[in-house]
Amino acid sequence: MALDIDRHANTQSPLQRWDPRIKIFSLGLLIIFIALLKTIPMAATAILLAIIILIISALPRHFLLHGLSFVLVFLVPFFIIMPFTYPGEPAFRLLGLPFAWEGLRLASLIFLKALAIVMITFAIFGSSRFDISMLALQHLKCPKVIVQMLLFTYRYTFVFLEEMRRMHTSMCARGFVARTDMKTLRIFGHFIGTLLVRSFERTERVYKAMLSKGYQGELHLLVTFQSGGHDYLKALVVLSIAVIILYGDLSGALHTAEQGWY
Amino acid sequence: MHISEGILSAPTLTVGFAGTAILAAATMRNLDMEEVPKISVITAVFFITSLIKVPLGPASIHLILNGLVAVVLGWRAFPAIMLGIILQAIIFGHGGVTVIGINSLMLGGGGLISYLVWQQRHYFNFKKRDFVFGALAGAIGTISSGIVLAIALVTTGEAFKAIAYTVLAAHVPIMFIEAAVVGACAEFLQKVKPDILAGQRPVKITG
Numbered sequence: 074m075a076l077d078i079d080r081h082a083n084t085q086s087p088l089q090r091w092d093p094r095i096k097i098f099s100l101g102l103l104i105i106f107i108a109l110l111k112t113i114p115m116a117a118t119a120i121l122l123a124i125i126i127l128i129i130s131a132l133p134r135h136f137l138l139h140g141l142s143f144v145l146v147f148l149v150p151f152f153i154i155m156p157f158t159y160p161g162e163p164a165f166r167l168l169g170l171p172f173a174w175e176g177l178r179l180a181s182l183i184f185l186k187a188l189a190i191v192m193i194t195f196a197i198f199g200s201s202r203f204d205i206s207m208l209a210l211q212h213l214k215c216p217k218v219i220v221q222m223l224l225f226t227y228r229y230t231f232v233f234l235e236e237m238r239r240m241h242t243s244m245c246a247r248g249f250v251a252r253t254d255m256k257t258l259r260i261f262g263h264f265i266g267t268l269l270v271r272s273f274e275r276t277e278r279v280y281k282a283m284l285s286k287g288y289q290g291e292l293h294l295l296v297t298f299q300s301g302g303h304d305y306l307k308a309l310v311v312l313s314i315a316v317i318i319l320y321g322d323l324s325g326a327l328h329t330a331e332q333g334w335y
Numbered sequence: 127m128h129i130s131e132g133i134l135s136a137p138t139l140t141v142g143f144a145g146t147a148i149l150a151a152a153t154m155r156n157l158d159m160e161e162v163p164k165i166s167v168i169t170a171v172f173f174i175t176s177l178i179k180v181p182l183g184p185a186s187i188h189l190i191l192n193g194l195v196a197v198v199l200g201w202r203a204f205p206a207i208m209l210g211i212i213l214q215a216i217i218f219g220h221g222g223v224t225v226i227g228i229n230s231l232m233l234g235g236g237g238l239i240s241y242l243v244w245q246q247r248h249y250f251n252f253k254k255r256d257f258v259f260g261a262l263a264g265a266i267g268t269i270s271s272g273i274v275l276a277i278a279l280v281t282t283g284e285a286f287k288a289i290a291y292t293v294l295a296a297h298v299p300i301m302f303i304e305a306a307v308v309g310a311c312a313e314f315l316q317k318v319k320p321d322i323l324a325g326q327r328p329v330k331i332t333g
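The listed protein sequences correspond, in order, to chains A and B.
Its first residue numbered 74, the first sequence is counted upward by one per residue in the working numbering.
Its first residue numbered 127, the second sequence is counted upward by one per residue in the working numbering.
By construction, these hints were calculated from the structure, which means they are not laboratory data.
There are no misleading hints in this set.
According to the in silico footprint, chain B covers these stretches of chain A (three or more CB under 8 angstroms from chain B):
| hint | region |
| --- | --- |
| 1 | 216-222 |
| 2 | 265-271 |
Derived SDA-like pairs (lysine to any residue); straight-line CA-CA distance at most 25 angstroms:
| hint | chain 1 | residue 1 | chain 2 | residue 2 |
| --- | --- | --- | --- | --- |
| 3 | A | Lys-111 | B | Lys-287 |
| 4 | B | Lys-164 | A | His-263 |
| 5 | B | Lys-179 | B | Pro-299 |
| 6 | B | Lys-317 | A | Thr-257 |
| 7 | A | Lys-307 | A | Cys-215 |
| 8 | A | Lys-217 | A | Ser-285 |
| 9 | B | Lys-287 | B | Pro-299 |
| 10 | B | Lys-287 | A | Leu-145 |
| 11 | A | Lys-111 | B | Thr-281 |
| 12 | B | Lys-317 | A | Arg-278 |
| 13 | B | Lys-287 | A | Val-146 |
| 14 | A | Lys-256 | B | Phe-252 |
| 15 | A | Lys-111 | B | Ser-135 |
| 16 | B | Lys-164 | A | Ser-285 |
| 17 | B | Lys-287 | A | Phe-165 |
| 18 | B | Lys-179 | A | Val-149 |
| 19 | B | Lys-319 | A | Val-270 |
| 20 | B | Lys-253 | A | Asp-254 |
| 21 | A | Lys-281 | B | Asp-321 |
| 22 | A | Lys-214 | B | Leu-157 |
| 23 | B | Lys-287 | A | Phe-147 |
| 24 | B | Lys-179 | A | Ile-260 |
| 25 | A | Lys-214 | B | Ile-148 |
| 26 | A | Lys-217 | B | Lys-164 |
| 27 | B | Lys-164 | B | Ala-152 |
| 28 | B | Lys-179 | A | Met-255 |
| 29 | B | Lys-179 | A | Glu-236 |
| 30 | B | Lys-164 | A | Leu-292 |
A virtual CB, placed ideally from N, CA and C, is assigned to each residue, including glycine.
Can you make the complete structure from the sequences, with help from the hints?
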């Protein structure tokens, strides 16, 4: 299943052995720094860095490719629109449309940055079990109630997805075909309504069962975090690279022409 | 519709996170422990129904349904939508981590406006009332998100104007589809399980 990010949490690699708290903190900072980049060479370095992190994480390739294919769909429109709509003097005309290199540069920059960030996100959350990542977030001062709701939602998602598939199968068995008309939309509305009611009633039962077992707004996991010298060493490596990238970007050592943005 | 990673400038991203933090704190005040599972259920449904594809001519679109979340959860729609966006960013790489703030502000803010519209139904009384106000909530949730997205793009730079208009135009067909789906869903819930809907008022029974 595409949603299951826990599947490869038990692969052995330096990333899996890293204390999740320090991993989320340092790679999170790296992501923020990448989001601030403005030059192509540094964004390309960020991609390279993301690829290296993914190789170290030893996550299987098909798992990553599946995730990245979503991102690509979102980014393709930028390449189609930006070069042709960039304000100012066009470099030449392509099929009668003004083509500006600066627009293409912006689109590529966005593409590189987005891809690098998404790849690193996969490395962070694909390399630990979801509940452990969430517990780590709680240790990083993320509000307890939000962590609780994320854990609940994540668990419910799989149950409801199964429910949705079952309902969809039975709908198709009764001859439903999705078309572009009001009837289809009304059926979708009722479908979602049924899903809501069913999920809701199921959760009420689950919640009562949890209460009777002593649930008091906190899940207790048999996990304790331990951080040693090598955890901090990895963090130091990542953070120094992050600072170097951002410095290289700001110092303008590799600056290319830049206008109209920021 | 999400805004993708790597486009917005640092100030816009910061505004997104600050606005989200404020709205989340405001809408999560006096949160009862019993509400935690309810919000999580709706978030999970919101999350998986975004996988439903609705055919639109030769192409197909994904539903957004922030209006529906508002119809069911009221003000608590904001944290629910925010959670959905966090999960999408972590699991799919939809949107992204640094844009969680602005995306929550965009979709969750649209949800809050939808709820305001949905609440106006108490002033009216006609046969198709729940369908009409559900549809309005769905449409307004979608289009206000589109407007916030366009504003975020335009304030980032002159170069993004064309993208902003394209995005806004793309929201128009989605708006009509959302309206039909959310309207049908609200009408259905009113009939089947009215206590699941937000902002219900006690019904006066007259002889």
